Amino acid sequence: MSPTFRRYILTKLAWYLVALLAAVTLNFFLPRLVPGNPVDALMARFLQGGAGASASKTYQAFITQFHLDRPLWGQFLAYLVNIFRGDLGQSFSLFPARVTTLIGQAVPWTIALQLPAILLGWILGNLLGALAAYKRGAFDRNLFVTALALSSIPYYALAIVLLYVLAVAIPVFPSAGGYSFGTFPQLSWSFFLDALHHYLLPFLSLLVIAIGGQAVGMRSMAIYELGSDYVNYATSLGVSDRRVLGYVFRNAMLPQITGLALSLGTLVGGALITEIVFSYPGVGTLLFNAINANDYPLIQGVTLIIIVAVLLANFLVDLAYGAIDPRIRAARSGER
Amino acid sequence: MLTRTRFLRTAIRSSRFNTSLVLVLLVLGFAILGPLLTGHDPNAVVGGMNASPAAHPPLGTDNFGRDELTLLMYGTRNSLEIGAIAGLAAVLLGVLVGTVAGFYAGMVEEALMGVTNVLITIPAIVVLILLSVALGSRSAVTMGLIIGVTSWPWTARAVAAQTSSLRTREHIDIARLSGSSGFGIIVRDVIPYILSYLGMAFTLQLATAVLTEAALSLLGLGPTNTISLGILLQWSLLWEAVRQGVWWTFIPPTFFLSVVSFGLLLLNSSLDEIYNPRLQGGGGSCD
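For the record, the sequence lines run as chains S and C. When the letters of the first sequence are read in order and numbered with numbering that gives the first Met the number 0, they come out as residues 0 to 335. When the letters of the second sequence are read in order and numbered with numbering that gives the first Met the number 0, they come out as residues 0 to 286.
Some hints could be false.
[Stated by the list, open to error] Okay, the calculated bits of chain S under chain C, using three or more residues with CB under 8 Å as the criterion:
#	stretch
1	24 to 31
2	132 to 146
3	267 to 275
4	307 to 316
[Unchecked claim] Quick look at which bits of chain S chain C covers, simulated, 3 or more residues with Cβ under 8 Å:
#	stretch
5	185 to 194
6	285 to 292
[Said to hold, decoys possible] Far from chain S, by Cβ distances over 12 Å, these chain C residues were calculated:
#	residue
7	Asn62
8	Leu87
9	Leu118
10	Ala214
11	Leu237
12	Gln243
The hints are simulated quantities; they were obtained by calculation from the structure and are not laboratory data. As the structure is a prediction and not an experimental result, all values here were calculated from the model. We put the CB at the ideal spot given by N, CA and C, even for glycine.
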C-alpha cells in the first residue's frame, strides 16, 4: 500500500466517522427537540397511571435505560457509550426484549430478500442496458421506455400490483408473511419450500425494479462510450467489434460499480415498504410496528442500522474507487 | 442560453417533452379542477362499505362508504401541494447554500460544502422518520417543509458547482468593478444564469417529495387529518383492502403516484436534453 493510498483511506475513514457522529447525534437529538416527545409522553403515561408495583418497576427500568435522571448531554454521552458497547436498549412495546435481539431477528429476512434482488438486478440490468445501447432500434426503444418507467415508479407500486394480481385475484402465491401461519422457522425441507413460496413475490417485485434502474444507467453510459473518440478511432483502425465492445463495456462499468455499491447501502433500508405490503418479517415490518406502538428505542435502533449500512456502503465505494482509478485517488487525496 | 422561440421550437419537436408535459398537465388538471367540479366533501359518506365501481360512485367507495374518486382528487391535490412546498423549500435552501458557497469560495465554500456533504451521506429517510416521530401531528405544510429541509443538499451541491464556474465570467467581473455587493451579484448576475437548471431541479424535487410523502405515510408517519395519495394507500393496507380484493381503493392511488413520478422525471430528462444536449445526467440526480 502506497503512502498516498494510505492517506486517502485515512482521510476517508475520518470523514465517515464525522458523518457517523453527525448521524448518531441527529438520531439522539431530533426526537428530543420537540416538547412532548415519545419518551416524555411515555413517562407522563406512567406517572398518571399511578405507581402499581410492575409499572413503577418498568418506569425505573426506563429511567435507568435512558439515564433520565441526568441532564440531556449526560443522556447523550450515555447513549454514545451504549452504542459503542453494542447496546441499543430495550423495546417499549415488546418489553423486556432487547432492541438488538429484535433487529437481529429481522435483518436476515431483509437481507435474504434484498441481496439477491440487488445482485441479480444489477447483472441483468447491465446486460440488458448494454445490449440496448449496442442494438438500438425497436429493441432499444421498447426496453428503454419500460426500464425508465420501472425506474421512476415507486418501488412498492409493483409490490402492491403483484400482491393483488398473483396472490388475491389469481391466488398462486400466499398473500402475507415470510412463512405459513402456525409453522416456525426450522431447518427442514418443507419449511424451506414454504418460505420460498412466500419469498418469490416480494423478491420478484424488488428484482424487476432493480433491473429497470440499472438498465437505464448502463444504457446511457454505453451510448455515451460508443460515441466517444476512442471507439471511432479503434473502429477506423479496423479493430474487431467484439474487442471494441469489450473496451466500451469496461469503461461503462466503472460508474455502474458505484451504482452497485450504493444500492448495497440500501440493503437494510431500501425495501421497507415492500415488507410492509407483504407483511414480510423484516426490518420494514419491524419499523412499522415500532412506529405504530410509539416504541422509541426500537425506532432509533432501526434508523441507526439503516444509517450504518448506508455509510459503510459509501465508504466501500470510495475505497473501491480509490483502488480502481488512480486519477481519483491522486486528485482526491487532499480533499475533505 | 436558449432564446424563448428556440426553446419552444426544440421543445415541440421532442416527443418525450410532449408526452411528459401532457401527463403532468392531465394530473394537475385532475387535482386542481376535480375538487372544484365534484362539489362535495371528500369525507362525505355516499354509499355502502367497499361498494364496487358502478355508474354512481364511478370508482366505488372505501371502507367507510366514501366516494373513492373524490378522495383520489383531493389526495392527488394534497400530495402535489406537499410536493410543491417541499420542492420550493429544497430549491430555495439549495440556491442559498449553493450560490453563497460557489460565489465566495475559500473557507465559506469549504464549510458549507462540508455540511452539505455530511447531510448527503446521511440517508434522508432516517432524518424524516425521526422528525416525523417527534412531531406528533403533522399538517400538509409541515410535511412539505420537513421533506424540503431534508432534500436540499443535492441541489446545493449542483448549484455550487455551477456558481463557481460562473464566478470567473466577465459579466461578474464587471458587476464587481461597478461596486455591486456580493448579494446583489448573486441575485442579478448568478441566479438568472442558472434559472433553467433550477426549474429542472424543482421538477426532480417535486417528484421525489411526492414519493417520499407516500413512503412516510405507508410507514404510518403521514400527514394527520389530511388525504394524500400515500394516506389513501395506507388506509387501503390498514383495512386489508388488497387481500379482500378491493382493488379500486389501492390501484388508482398507486397508478397516480406512478404517473406523477414518471411524468415529472420524464419532463426533467427532456428539459435536460433541450437545454443542454451535451449534458450527461445533469448532476441533479436525487435518489
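How the hints compare with the structure:
Using a Cβ-Cβ cut-off of 8 Å, 5 residues of the stretch 24 to 31 of chain S lie near chain C, which meets the minimum of three, so the contact claim holds. Residues of the stretch 132 to 146 of chain S with a Cβ under 8 Å from some Cβ of chain C number 0, which does not satisfy the need for three, so the listed coverage is violated. Here's how the stretch 267 to 275 of chain S fares: 4 of its residues keep a CB closer than 8 Å to some CB of chain C, so the rule of at least three is met and the hint holds. Coverage of the stretch 307 to 316 of chain S by chain C holds. Counting CB-CB distances below 8 Å, 3 residues qualify, and the rule asks for three or more.
Requiring three or more residues with a Cβ within less than 8 Å of a Cβ of chain C, the coverage given for the stretch 185 to 194 of chain S is violated, as only 0 such residues are present. With 4 residues bearing a CB less than 8 Å from a CB of chain C, the stretch 285 to 292 of chain S meets the requirement of three and the coverage assertion stands. Look at C:Asn62: its CB is around 16 Å from the nearest CB on chain S, clear of 12 Å, so calling it non-interface holds up. With a cut of 12 Å on Cβ distances, C:Leu87 stays outside the contact zone with chain S, its closest approach being about 21 Å.
With 12 Å as the threshold on Cβ separation, the claim that C:Leu118 sits away from chain S is violated: the shortest Cβ distance comes to roughly 8 Å. Under the 12 Å C-beta cut-off, the non-interface status given to C:Ala214 relative to chain S is violated; the minimum distance is some 6 Å. For C:Leu237, the requirement that its beta carbon stay farther than 12 Å from each beta carbon of chain S is not met, with the minimum near 10 Å. Not every CB of chain S is more than 12 Å from the CB of C:Gln243 (nearest about 8 Å), against its label as outside the interface.
When the structure is compared with the earlier hints, violations turn up for hints 2, 5, 9, 10, 11 and 12 and for no others.
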